[in-house]
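Protein chains in written order, with this note's numbering: chain S, 18 to 347; chain B, 18 to 347; chain L, 18 to 347; chain Y, 18 to 347.
Incorrect hints may have been included.
Copies of the same chain are indistinguishable here, so a pair counts whether it falls within one copy or spans any two.
Straight-line distance between alpha carbons at most 27 Å, and here's what the computed DSSO-like set of lysine-lysine pairs gives [unchecked claim]: (1) Lys126 <-> Lys302; (2) Lys130 <-> Lys302; (3) Lys50 <-> Lys99; (4) Lys201 <-> Lys319; (5) Lys319 <-> Lys79; (6) Lys269 <-> Lys201; (7) Lys126 <-> Lys50; (8) Lys319 <-> Lys208; (9) Lys130 <-> Lys208.
Just so you know, the hints here were simulated from the structure itself, not pulled from any lab data. Keep in mind it's a predicted model, so treat the numbers as computed, not measured.
4 protein chains.
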Amino acid sequence: MPRGITLIVALAALMCSSLMATASGEDLPDGMKPWWPSRYGIADQIGTLNEITPERVQAAVKLVRQGRIIDLGRVLDENTPKFPGRYWHQTTDVTAPYTNLRRTDTVGKGWGKNQINWITEIQAGTFQVGTQLDSIGHIQIGDRLYNGWTTREVVEPWGLNRFGMETIPPIVTRGVLVDVAGYKQVERLPKGYVISNADVQGALAQQSVAIHPGDAVLFHTGWGALWESRHDEFLSGEPGPGMEVVRWLYEKRIAITGADTWSYGPVPGEDPERPFLVPQTMYVKMGLFGLENLATEELARKQVYEFLFVLTHAKTRGSTAAVVAPAALY
Amino acid sequence: MPRGITLIVALAALMCSSLMATASGEDLPDGMKPWWPSRYGIADQIGTLNEITPERVQAAVKLVRQGRIIDLGRVLDENTPKFPGRYWHQTTDVTAPYTNLRRTDTVGKGWGKNQINWITEIQAGTFQVGTQLDSIGHIQIGDRLYNGWTTREVVEPWGLNRFGMETIPPIVTRGVLVDVAGYKQVERLPKGYVISNADVQGALAQQSVAIHPGDAVLFHTGWGALWESRHDEFLSGEPGPGMEVVRWLYEKRIAITGADTWSYGPVPGEDPERPFLVPQTMYVKMGLFGLENLATEELARKQVYEFLFVLTHAKTRGSTAAVVAPAALY
Amino acid sequence: MPRGITLIVALAALMCSSLMATASGEDLPDGMKPWWPSRYGIADQIGTLNEITPERVQAAVKLVRQGRIIDLGRVLDENTPKFPGRYWHQTTDVTAPYTNLRRTDTVGKGWGKNQINWITEIQAGTFQVGTQLDSIGHIQIGDRLYNGWTTREVVEPWGLNRFGMETIPPIVTRGVLVDVAGYKQVERLPKGYVISNADVQGALAQQSVAIHPGDAVLFHTGWGALWESRHDEFLSGEPGPGMEVVRWLYEKRIAITGADTWSYGPVPGEDPERPFLVPQTMYVKMGLFGLENLATEELARKQVYEFLFVLTHAKTRGSTAAVVAPAALY
Amino acid sequence: MPRGITLIVALAALMCSSLMATASGEDLPDGMKPWWPSRYGIADQIGTLNEITPERVQAAVKLVRQGRIIDLGRVLDENTPKFPGRYWHQTTDVTAPYTNLRRTDTVGKGWGKNQINWITEIQAGTFQVGTQLDSIGHIQIGDRLYNGWTTREVVEPWGLNRFGMETIPPIVTRGVLVDVAGYKQVERLPKGYVISNADVQGALAQQSVAIHPGDAVLFHTGWGALWESRHDEFLSGEPGPGMEVVRWLYEKRIAITGADTWSYGPVPGEDPERPFLVPQTMYVKMGLFGLENLATEELARKQVYEFLFVLTHAKTRGSTAAVVAPAALY
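Given only the sequences and the hints, what does the whole structure look like? Please build it.
Dropping the structure here:
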């Protein structure tokens, strides 16, 4: 409770300072104008997830015709490919079977007459690894986030006081796979390939699927086949939707997009002087959510292009991402 | 690939040794007989989740009549109540805004002409905290797990080579809330209260809901109201389903059960000489999955007793639990 | 080797940018002039530790007359008092006794005919806890460090590329205890007490000891008695040497100073508008090293005022501190 | 205080159970007899460090003739070679410069009129890496430690309740380098080379140095030259003192020994069926302390064969090792 009050006061104070900051925007990169308020208002934190309405959820569940589930998450461990500097280590904690033996009511090998023991783990690392859902607070333009918030307003020692993963609701909506690799008749798109609007329209036409507001739009590039065994090549770059595609998806009012690549968007990008411009534009200007390292291959192989997309994630306060494994039901 | 082959060989070797071990079981607690093979066979790893069939999924999605979603997860941070010895710490990593300033193509406050920056986090702790889905490998009887596996066969430095969270599929099925606090007309059941079969049948009758095979059966005890502000009381014990309820649920072939408490089952338990007997029986003997610290209060308040239960989780290899936030759709 | 070359190139680049930055200093707080180059030159990283010459070491070892050792370090664990937000967790890793049982050449309870097993630990936290030696890079004035370096030049994802603990040599020199609590005839100095130059001269005269260049000057305030059992009071403030004392010590060319408090210098400080001014001045302007949470009580009780001070520490690259336990030999 | 009492009670209980366990020893490997009580008594925790008496310290400091110091520690970071499965990660915490900007008394770039900021770090990993001092509790024979203690008596979730690093005093004593590589006139001894007693006696004779009780005896094998750049080769094996050398050192009543290798003793070892027999014998049976990854090359190059050895380390409760950087004064 006291914590709650403290938070309210703190957020009110932050909002005032932000609104003041908003007025000027004179600290922005040359020629750049304030991009806020966002399409969902200056107080919004969930961006394009606002597009998921009860009506759209209701329509989406009707897509489940066979009751089958495809897992879109990859297994994460310390050996899976990671961006330089990011890590993930886990150690099994089997101390309980030792300390339980010292209890006065130990029987045989465990605690109590039921001889109970347990195992846990200690993990250290970042959530910016593996199949992941990013917070839109993960990326900035200079020191500005979505809706014009500044890092000095948002950064806490323990995480972000806005846009943390605890602010993101469960995501259940219509899902669409855009199989660009299949459309281009290649095993995988080459590194740096810029998926164009023509590619997307062509693939959708071939698949006989349309994009609707509130959709989760997933791209199969084939790049994910390198995940398991060719780490260096996998991380050396990637194909992905170009800026025109993302602008079109935003205009179509989709809820979230993702791909089978470690970032989202081509790497190297369309403009070599603007690295990672696609996710930066999505998160900071649009509030459009992104998913990385999706296991799209089974959807593509089974030609499941339309499905119920479900994603629930760990609500860890202030985190910039969650390791996830969304599912597709059809 | 080499890893895959290694795993296959290792698992084959493990299985042989396990089967040999299976034969005797002479290392068990006095008077205890081998509980394996499980209802789902000696090679099974997912226990009661086998009950979720395409037909049941198909039936469950029809329960979504309004398209509304209730979040069943609690926010996790270093201050939320934890079992003694378990911890969770997160630190914001804002080094990128510094190192980006040193790139040769820095413009203003970030990397490139788009001035990109990013923020990540470092986390340390266990997944056995907060709203969580347990692996059935988390608990043992002596040194034996589900299907008779022994800790010496299953424990690796990095986690469990069987029953890790990566083996658990996405869970989408029919959900049922059993509001025992409401049925007993109390704000919350007292500490150590043993929910009886009569309680369950009474509550279900009052709610006009029946339990079906494949269900996710969630109990509202009211104990979760102590989560936010009364940590010591919250952790000092809890009400929960007794042994007869769990046996009945298992016979009904439900898929998973959970409650708004930090463990599952009454604490102190029905038999003071057998601590945590309920989850031990569920995980080790039955392979019945459990959920802890569910936020059931909104379901109870809105009297949503039947819903589509969805749960996707981080597939971290070998972990004994995942921090989760399931959702109920109705 | 490639790493070495990369470092050299990087450091050369940094030095150039720093020298340019040095010229102006126009980014400094109002009325503050550049404090660099330091007394030890613009390229210096070890500040007052330069005062420890072979001659002074040679003289210091002669102070060991009885061959006795006093340990000046406190034991560190997750329960010892820590500054808010800092943490230290350790978990025992006993997985080897399990995995060793799976080796083909296991005999009985361990690996090989010698049945070997081992235990390790996993630790997570910061080195800014317990009895500690600080890097002079730990504190800044605005974004400037010792010798005028800026955070944008020095911060790396993995630590500081200058002033990390690996740059600090082993410290062996003459040690002097200044027992101000004893001089003032109190069990401990009160919170916020500012140790004056008169206090220091009085204590030294009473102890018949003088300060020499190259000395390690340790203060006994008695505050450390609260460490074990009264955490809140211990962390609520502290007595300590005031600004005039630190200036005098710097003029006397001592090598390092420390106290039995969690920071160094009075808290609250002499000027309420300038928090932690004493260590800030020491580290950033003077390059004068500091030690915290020293166990000075045995030295005081035994009236060992002059001794050989020895301190070797973990050379972890880029760290801002090391957990240490210096020793006094007499 | 309550903690203290708890510990005393716990230790008393442990001692009783240990003494009972001691009597039988029937759980030992075939043909192995109880090795306890140790030479220093059943209650001893510091083994051969008991040999460091005030007289020996007093004699050792006289070896400092020039006042010069050689650092025997290697820098540790995430890239330095580590035993498989061990890790060390550090992340810079630069959140304070952000949060300080939100204080009501912020001036310019930091907190207060002195504009203070600070940087810390978060570290995760094990202390069993880099230049390290092992606890004699690190290794076992089956489930037995030094003085016959069993793992079930000693293992706690947070570390070892006996033999943790907090029990080891500062180590200051006479140091001797045995330059076996120099004696054998090779750059480095080959992998698996077993240093014999003849080698040791020959080297000592050539160096005109004798071993005394209480000594720190360090071996230069030349293997450490692979540390920086040839990780795989470095970790693939090592030369080291054989069993007869260790027995002789123990009979000579030295205090501690170490080498420029990642373990101590030849790998592969003298008896292929008894892995790591040398350190196992040292720690478990003798209570003889060991040091790993020492930077002995400067001592060898300068032919400093006799010196004052100083080692102070982090007293982290229950740890099995400390990352250290001892020093040699001459």
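Of all the hints given earlier, name the ones this structure violates by number, lowest first. Per hint list: single violation, 3.
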